Amino acid sequence: MKKSKILLNGIRDGVPIGLGYFAVSFSLGIIAKKGGLTALEGFISSFFTRASAGEYGVYSLIAAGGSYLEVVIMCLITNARYLLMSTALTQKFSPKTSLLKRLAVGCMVTDEIFGISIAYEGYLEPVYTYGAALISTPLWALGTALGIIAGSILPVRAVSALSVALYGMFLAIIIPPSKKDKAVMCAVIASFALSLLCSVAPYVSTLSSGTRTIILTIVISAAAALICPRTDSEVNND
Amino acid sequence: MTNHYTFLYILISIAVTNLIRVLPLTLIRGEIKNKFVRSFLYYVPYVTLAVMTFPAILDATQIPMAGAIALVLGIIAAYFGLGLFPVSVICCLVVLICEFIML
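Heads up: the sequence lines are chains H and S, in that order. Numbering-wise (the numbering used here), the first sequence opens with residue 32 and increments by one. Numbering-wise (the numbering used here), the second sequence opens with residue 12 and increments by one.
Do not rely on the hints blindly, as some may be mistaken.
Unchecked claim - Restricting the straight-line Cα-Cα distance to at most 25 Å, the calculated cross-link-like pairs of lysine-lysine (DSS-like) are: (1) H:K127 - H:K36; (2) H:K36 - H:K132; (3) H:K213 - S:K44; (4) S:K46 - H:K211; (5) H:K132 - S:K44; (6) H:K127 - S:K46; (7) H:K132 - H:K33; (8) S:K44 - H:K127; (9) H:K132 - H:K34; (10) H:K132 - H:K213; (11) H:K210 - S:K46; (12) H:K127 - H:K34; (13) H:K34 - S:K46.
Quick caveat, the hints were computed from the structure, so don't treat them as lab data. Small disclaimer: the values here were computed from a predicted structure and weren't measured.
The shape of chain S in the complex, shown without the other chains:
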């Protein structure tokens, strides 16, 4: 370690991270009228979550195949209308079972 204070690092990261989070909420209070911006913001959540899910789910497990099967079964479960918690549990169980069989 250098002569930097760990706690100062932490305070800086807390300040910067939360500033990024609240900045848009302070600046934008009303409804955005621009059609492109509205459409863009409509797609953002789905795109960002999809990008973060795949292929990352393959690296999260010990064997990529377990992640892949969890992905497929998770998609099917969500497609048939299961909620956040059941889909999550299904994915976890699938990985547990797959790795139990394959490892």
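Extracted from the complex, chain H is given alone in its bound form:
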């Protein structure tokens, strides 16, 4: 496939991501405002971090007058899942992909960009990820800036509807492989069940959702890898 076509595919798949981002980052902007960020600061911060939970944590810290060290720790914990995602992505590149392109894709990793990049058929073409980031990143940054400026002008109904766009996209990524591979289906069902359990269980439910996500991801993926290890032939078919 031509590079320009792949780029367009990336942009197309980046649209729902961008729409969902816009709604989420708008509400993030309202929190950023409490931290005293200007619209420009919010735009720059969101453009270069693209970390919903991480940004939420940082803006809350700024609002509370937290220390720089606290910001570092907050970023490490809330974004630790990106470490797992980037590690998974290392296996998704063609051996020919240059380090520079790998790093560029790495910097673009968000939950959603990772999701569609890992679902890419065969080796990941970096331009696909660039395309998705090209459309979604400005919307994420713009949403934050507008949230800071305009507070709550977007009708609640619209925010409510837009906020599920992200989840719809997640479903479109996890359901088709579940159909093909029973082990994935079991892992997905276990993830739903345990995630629900951990959101209501004592102690664990007080952890931030970012922390719960990383703990559950490690535990369930490790269990799945032990119970249903992938044979080499299966792995090569990815």
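Take the given structure of chain H and dock chain S to it, following the hints.
Quick look at chain S alone, frame taken from chain H:
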């Protein structure tokens, strides 16, 4: 506000967040041979997205029921092979309609 500079906070968060993202890509260049690690990494994306979707989708909407219906219809749409964008649009419309009826 204290005497901390907002921009310094932002620079720190940009540096740390992106460092986490690129670190594995700098350290791991080749193919991982270990069967457990390969299997583990195979499951990571599905598990992490599933964990983030549910029950969070119930809290994203004004009424949890709207999120629940969007979840079910989204799963059905994805099961029948619809892509990222159509499934997302279906979920959004379902919430819009449900909340229009129920609120």
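Now the hints, each set against the structure:
1. Taken as a hint, the K127 of chain H and K36 of chain H pair is honoured in the structure, with Cα atoms around 20 Å apart against an allowance of 25 Å.
2. Under the criterion of a C-alpha separation no larger than 25 Å, the hint pairing K36 of chain H with K132 of chain H is consistent with the structure, at around 18 Å.
3. Straight-line distance between C-alpha atoms of K213 of chain H and K44 of chain S comes to about 24 Å, which keeps the hinted pair within the 25 Å bound.
4. Proposed proximity of K46 of chain S and K211 of chain H is supported: the alpha carbons are some 21 Å apart, at most 25 Å.
5. For the hint pairing K132 of chain H with K44 of chain S, the CA-to-CA distance comes to about 23 Å; that is within 25 Å, so the pair holds.
6. Between the alpha carbons of K127 of chain H and K46 of chain S the distance comes to roughly 23 Å, so the proposed pair stays at or under 25 Å and holds.
7. Restraint check for K132 of chain H and K33 of chain H: satisfied, since their Cα atoms lie roughly 17 Å apart, inside the 25 Å limit.
8. Taking the CA atoms of K44 of chain S and K127 of chain H, the gap is near 18 Å; set against the 25 Å cutoff, the hint holds.
9. Distance restraint check for K132 of chain H and K34 of chain H: the Cα-Cα separation of roughly 14 Å lies within the 25 Å cut-off, and the hinted pair is therefore satisfied.
10. At roughly 34 Å between alpha-carbon atoms, K132 of chain H and K213 of chain H are farther apart than 25 Å, so this suggested pair is violated.
11. For the hint pairing K210 of chain H with K46 of chain S, the CA-to-CA distance comes to about 23 Å; that is within 25 Å, so the pair holds.
12. For the suggested pair K127 of chain H and K34 of chain H, the alpha carbons sit about 16 Å apart, so the restraint of at most 25 Å is met.
13. Only pairs whose Cα atoms come within 25 Å are accepted, and K34 of chain H paired with K46 of chain S is rejected, the gap being roughly 33 Å.
Hint compliance for this structure: hints 10, 13 are not met, and every other hint is.
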